[in-house]
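Asker: Oh and the sequence shown: position 71 is 71 in the working numbering, straight run, nothing missing.
Honestly, I wouldn't trust all of these hints.
[As the list claims (entries may be wrong)] Here are the simulated lysine-lysine pairs, DSBU-like style, with alpha carbons at most 35 Å apart:
1) Lys185 with Lys198
2) Lys155 with Lys282
3) Lys303 with Lys153
4) Lys233 with Lys274
5) Lys283 with Lys185
6) Lys274 with Lys237
7) Lys263 with Lys274
8) Lys198 with Lys233
Calculated from the structure, these hints are not laboratory results. Remember, it's a predicted structure, so these values are computed and weren't measured experimentally.
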Amino acid sequence: MEIYHEQSEFNTVLKFIKKYRYLLFIFAVFFIMLERYVNEGRNLIIIYTVVIIILGVIYQSKLVLLLQSGLITLTGYLISPLSIPFDMFFFILWFAYFMIGLAISLLISNYTIKYNSSIELTKTLANLLDSRDPYTATHSENVANYSRIIAKKMKLTKNLQEAIYVGGLLHDIGKIVIPEQVLNKPDRLTDEEFSIIKQHPQIGYSTLKHIKPFQQSGILDMVLYHHERYDGKGYPKGLNGSEIPLVARIMAVADAFDAMTSKRVYREARDIEKVITEMEEKKGSQFDPEIITIFLEYINKNKEIFLNNTQEKSIAQYAVTEQKDTV
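Given these sequences and hints, build the entire structure.
Answerer: As structure tokens, then:
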């Protein structure tokens, strides 16, 4: 039996409440005692309701909520007997508290299920895209993880970190319609073939633009602008500097790094030291100077992971473990 709600990675409020629940309960007891002596218990029902709401956020088990709501009702009776006659009203209040906690618990469960489902659906779409090229089978998830690392190091909000992760999974979704002979061509692309490849940001944007949550989260910006360059020589719009949305500048760094360090149909994976040097040289031209500095500092700190010739565990995979360890 699951007692606690499953905590999604970005649900910081739920994590905070669960982690510090005992401290919150100590504060609740303090205010209950204060109310008893200052206001003669007139506001105790408000405090009890807040406590049962917190319990609903924490606990998924109906049995636990039933017992906890009964404990709250009994506490109210013991502290202020006159406010809760020990008859049918006691059980009615117990039932009321239980229903409040249950309602909150069901809302949290539904939110978690929908969040996890949307992430799994997004991963499925990304995997479908990556499966077209066995040499880039984990590209989208790597880019999502690298982008999230940068966002975390830049101390962006948790909501924006979440959006950046989803944007990383979907950034190349427009390639789903690119012809196989172009996408997986082992030789140098012709100008015409390259012009076809360059259409994928606009195609991806057009595919996703009607999804309302993506319109305000910055995900559409990542899909459309992740091939823009800081010096204005990128595509599809030729934006430069701060004209490029921050989330797209982050993704451009993550996308380029994974592309250079991954094996492709037309070349082997490049040496990590050479990649770091090349990306450093492109600071201020292809890449945002601040973002590339932050990311390369992280890579230099963890590059021993890449020095293993088998590369069984990339920094992107390492980042998932690190993320779980730090929440």
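Asker: Starting from the hint list further up, note which numbers the structure goes against and sort them upward.
Answerer: none
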